[in-house]
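Student: This is what each chain is made of:
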Amino acid sequence: KNEVEQSPQNLTAQEGEFITINCSYSVGISALHWLQQHPGGGIVSLFMLSSGKKKHGRLIATINIQEKHSSLHITASHPRDSAVYICAAKANAGGTSYGKLTFGQGTILTVHP
Amino acid sequence: GAVVSQHPSWVICKSGTSVKIECRSLDFQATTMFWYRQFPKQSLMLMATSNEGSKATYEQGVEKDKFLINHASLTLSTLTVTSAHPEDSSFYICSASNGVHYYNEQFFGPGTRLTVL
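Each protein sequence line maps, in turn, to chains W and G. Residue 22 in the numbering used here sits at position 22 of the first sequence, and the numbers go up by one each step. Residue 46 in the numbering used here sits at position 46 of the second sequence, and the numbers go up by one each step.
There's no promise every hint is true.
[As the list claims (entries may be wrong)] Distance condition first, Cα-Cα at most 20 Å in a straight line; then the derived EDC-like pairs of lysine to aspartate or glutamate: (1) W/Lys55 x G/Glu105; (2) W/Lys53 x W/Glu67; (3) G/Lys14 x G/Glu87; (4) W/Lys53 x G/Glu105; (5) W/Lys100 x G/Glu59; (6) G/Lys41 x W/Glu3; (7) G/Lys14 x G/Asp65; (8) W/Lys54 x G/Glu105; (9) W/Lys68 x W/Glu3; (10) W/Lys55 x W/Glu17; (11) W/Lys100 x G/Glu52.
[As the list claims (entries may be wrong)] Sample of chain W residues lacking proximity to chain G, with all beta carbon distances greater than 10 Å (derived): (12) Thr62; (13) Gln66; (14) Lys68; (15) His69; (16) His73; (17) Pro79; (18) His112.
To be clear, the hints were calculated from the coordinates, so they are not data collected in a lab. Bear in mind the structure is a predicted one, so any value in this text is a computation, not a measurement. The beta carbon of each residue, even a glycine, is placed where N, CA and C say it ideally should be.
Produce the entire structure from the sequences given, and follow the hints as far as they go.
Tutor: Here it is, written out as structure tokens:
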């Protein structure tokens with residue numbers, strides 16, 4: 001079992017739909033990143049959060065530290081949102097892993113017009 | 001967010017040659033830079049962590065003599081793939097951060113696609 005698990009692995013939606021991508025982790029973390037990777041390969045950092053909720057435009061990210069779970073929501077989805085979404089957990093203090101990211105396997109999102 | 005650039009964006013080389021990839025933080029001082037590689041349809045795999053002015057820390061299974069990392073300044077880190085072979089063909093991504101604490105965000109470069117013939 002991976003330390004960071006995402007679901008679903010593939011997600012297809014119609015334009016305008018509300019989308020949720022989930023991320024569960026089994027390690028102690030100091031923060032969690034949500035990243036977006038387009039087919040060209042470049043990675044954009046969408047959010048970094050260690051508690052609560054963050055919102056940027058149509059994107060919302062939440063995290064529940066007690067349940068070790070985070071979600072990324074996209075409201076009013078659009079074809080340009082089609083990309084791979086990756087959650088990455090930042091290792092907690094102490095040890096040689098401090099500050100390193102452990103990546104989920106990614107969720108491939110396709111939004112049809 | 002902060003901007004991180006990589007150069008070149010893609011490179012094709014012959015087997016046995018060495019290739020240098022640059023990672024630059026354009027608008028902040030990056031005390032720590034990370035180098036990742038990504039195979040098709042797989043997630044990122046951390047290769048090494050470099051701190052400015054000190055030797056890089058390599059992940060288990062990554063050959064430090066093959067993947068030379070230099071982080072000589074707060075805005076530049078380089079990865080040199082020495083004596084490249086076809087199995088080194090991959091997508092290499094760097095990220096830069098001004099620390100490793102929970103509040104220090106990592107900003108990713110656009111990646112370099114290496115093809116070794």
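Student: All hints are to be evaluated individually against the structure, with a verdict given for each.
Tutor: Okay, the hints, checked on the actual structure:
1. W/Lys55 x G/Glu105: Given pair W/Lys55, G/Glu105 holds - Cα atoms ~17 Å apart, limit 20 Å.
2. W/Lys53 x W/Glu67: Holds, because 14 Å separates the two Cα atoms, which is no more than 20 Å.
3. G/Lys14 x G/Glu87: holds (12 Å)
4. W/Lys53 x G/Glu105: Status holds; Cα separation ~16 Å.
5. W/Lys100 x G/Glu59: Holds, because 11 Å separates the two Cα atoms, which is no more than 20 Å.
6. G/Lys41 x W/Glu3: With a Cα-Cα distance of about 19 Å, the restraint between G/Lys41 and W/Glu3 holds, given a limit of 20 Å.
7. G/Lys14 x G/Asp65: holds (19 Å)
8. W/Lys54 x G/Glu105: Holds. W/Lys54 to G/Glu105 sits at ~15 Å (cutoff 20 Å).
9. W/Lys68 x W/Glu3: Between W/Lys68 and W/Glu3 the Cα gap is close to 11 Å, so the pair holds against 20 Å.
10. W/Lys55 x W/Glu17: Roughly 17 Å between the alpha carbons, so the hint for W/Lys55 and W/Glu17 holds.
11. W/Lys100 x G/Glu52: Holds. W/Lys100 to G/Glu52 sits at ~16 Å (cutoff 20 Å).
12. Thr62: holds (17 Å)
13. Gln66: Nearest chain G Cβ is 17 Å from W/Gln66, so the label holds.
14. Lys68: holds (15 Å)
15. His69: holds (18 Å)
16. His73: Holds, since 20 Å exceeds 10 Å.
17. Pro79: holds (21 Å)
18. His112: It holds; W/His112 is separated from chain G by about 21 Å at its closest Cβ, greater than 10 Å.
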